[in-house]
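Number of protein chains: 2
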Amino acid sequence: MNLILLHPDDLTADGHARVTGRRAGHIREVHRAEKGDELRVGLLGGRMGTGRVEEVSPEAIVMSVRLMDDPPRPLPVTLLLALPRPKAFRRVLQGVTTLGVKRIALFGAYKVEKSYWQSPWLEPEPLREQLILGLEQARDTVLPRVTLHPLFKPFIEDEVPGLAGGTRRLVAHPGGMGVCPTGVGDGVTLAIGPEGGFTEYELGLLLKAGFEPVTLGPRILRTEQAVPALLGRFL
Amino acid sequence: MNLILLHPDDLTADGHARVTGRRAGHIREVHRAEKGDELRVGLLGGRMGTGRVEEVSPEAIVMSVRLMDDPPRPLPVTLLLALPRPKAFRRVLQGVTTLGVKRIALFGAYKVEKSYWQSPWLEPEPLREQLILGLEQARDTVLPRVTLHPLFKPFIEDEVPGLAGGTRRLVAHPGGMGVCPTGVGDGVTLAIGPEGGFTEYELGLLLKAGFEPVTLGPRILRTEQAVPALLGRFL
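So the protein lines, in turn, are chains A and B.
With my numbering, the residue at position 156 of the first sequence is 156, and numbering never jumps.
Every position in the second sequence, counted from 1, becomes a number in my numbering once 235 is added.
Everything labelled a hint here was simulated from the structure, so no lab data went into it.
For each residue, glycine too, the CB sits at the ideal point set by N, CA and C.
Warning: the hint list may mix true and false statements.
[Claimed, not checked] Cross-link-like lysine-lysine pairs, in silico, DSSO-like; alpha carbons within 30 angstroms at most:
#, chain 1, residue 1, chain 2, residue 2
1, B, K337, A, K87
2, B, K270, A, K111
3, B, K346, A, K35
4, A, K102, B, K322
5, A, K153, A, K87
6, A, K87, A, K102
7, A, K114, A, K102
8, A, K153, A, K102
9, B, K322, B, K346
10, A, K208, A, K111
11, A, K87, B, K388
[Stated by the list, open to error] Pairwise CB distance ranges (calculated):
#, chain 1, residue 1, chain 2, residue 2, range
12, B, G281, A, K208, 35 to 43 angstroms
13, A, L163, B, P409, 27 to 35 angstroms
14, B, E264, A, P154, 33 to 41 angstroms
15, B, G260, A, G210, 37 to 45 angstroms
16, A, G178, B, G284, 20 to 28 angstroms
Use the sequences and the hints to build the structure in full.
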């Protein structure tokens, strides 16, 4: 937790913040904060700054808060990601959040097992929790927006045009034409398939929708490596 | 397992390979291979090709093997990595291997807890096992060489000059001067610190040794994200 993320409800009228639960435990036990210590804080969806500890109790930490810095700039990459297997899902989602992506569309494909969509981690609250953990790690305050699209064809044909807008459209594919570019220009929409790859039919739909196939070389990467290795090229 | 990695001991004089244990179990249960099926195989440290299944028994799989392809080219990056916390160690090491790094030096630093060096995963056999898993995932046959350097100062002063040779030397540091370059030129030696960062003293030693401080932006990344995000820039 490199940032104590404050929720609007934590703020009192006099410029104080009162945090409880997991965050208070972390401040007490990891930061071992005492009265007078300064901590990095940020307001969810807002600015970042410092919190001066005024009170440490078993129930809560009270801080006086000054929020003067803007959060880091969003990474101008819209990520279209085949739903990862449940075991990797939380790590991948947290990781994408720490890298600064603000728009994530999780989609189904032939090689995404249907059972993955039953994962309890896709419920709004557990999902939001992973995003919060990512923001606390990265020192950022702006939650990514995450949407779920189990059906591939209507997703690509009906929703991607609005999602991708005028950005450069790239699809990571082992047989891609060239190595993935670096730098984002006016923004990038990056599609990353399931670990077994896209089918020819799916790739055809992506090409028709204006995606350029790109690769990171001959090695086959797990989603946990492929996602940051691709996003790292746009940082 | 995208590649069945053969050990020299598996080969018989008549061009057959006989694999047992974990690999045989995987071929039976995941590939569900039957006589006549062709599998992707590679010889540890050597070439890759196909294995035609000749015999499936509870003890072993026997294949006739043709090895005609060179393994993918090494990534010309020498990775100097602060020893990750044990919980992340295996994932990071496997990940680095799938990305094609062939030289990994794990070092100690002020913010690397001394207890990490007691991890059983650093013993030669468990360590080699992670590298093998990485090669099987990536479809590669060439094991990275991994060395351990618990003491920071003698590592940087006495060993890094030989390790880095004439390559460009980069150190990933949150306060770095510019964004990490892309492309490798004549090779790169990339130093990545512990999650708490290098101390000023440590950074000073690295600068003295010719390392340029570079960054991936203002967000604070976990090792699991930072390593592939940095290496992805050189793929």
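Each hint, compared with the structure:
Taking the CA atoms of B/K337 and A/K87, the gap is about 28 angstroms. The hint holds against a cut of 30 angstroms. Of the pairs offered as hints, the one joining B/K270 and A/K111 holds, with about 26 angstroms between alpha carbons and a cut-off of 30 angstroms not exceeded. Taken as a hint, the B/K346 and A/K35 pair is honoured in the structure, with Cα atoms around 26 angstroms apart against an allowance of 30 angstroms. For the given pair, A/K102 sits about 28 angstroms from B/K322 by alpha-carbon distance, which is consistent with the 30 angstroms threshold.
Proposed proximity of A/K153 and A/K87 is supported: the alpha carbons are some 26 angstroms apart, at most 30 angstroms. Restraint check: the Cα-Cα separation between A/K87 and A/K102 comes to about 23 angstroms, which is no more than 30 angstroms; the hinted pair holds. Proximity of A/K114 to A/K102 is assessed by CA-CA distance (about 26 angstroms); at most 30 angstroms being required, the pair is judged to hold. For the hint linking A/K153 to A/K102, the alpha-carbon distance of about 23 angstroms falls within 30 angstroms, and the restraint holds.
Distance restraint check for B/K322 and B/K346: the Cα-Cα separation of roughly 16 angstroms lies within the 30 angstroms cut-off, and the hinted pair is therefore satisfied. For the hint linking A/K208 to A/K111, the alpha-carbon distance of about 20 angstroms falls within 30 angstroms, and the restraint holds. A distance of roughly 39 angstroms separates the Cα atoms of A/K87 and B/K388; the hinted pair therefore is violated under the 30 angstroms criterion. One distance hint, 35 to 43 angstroms for the beta-carbon pair B/G281 and A/K208, holds here, with the actual separation near 42 angstroms.
Between A/L163 and B/P409 the beta carbon distance is about 32 angstroms. The supplied range of 27 to 35 angstroms therefore holds. One distance hint, 33 to 41 angstroms for the beta-carbon pair B/E264 and A/P154, holds here, with the actual separation near 35 angstroms. Checking the proposed 37 to 45 angstroms range against B/G260 and A/G210 shows it holds: the Cβ atoms sit about 44 angstroms from each other. As the Cβ distance of A/G178 to B/G284 is approximately 26 angstroms, the hint placing it in 20 to 28 angstroms holds.
Going down the numbered hints, you'll see the structure goes against just number 11.
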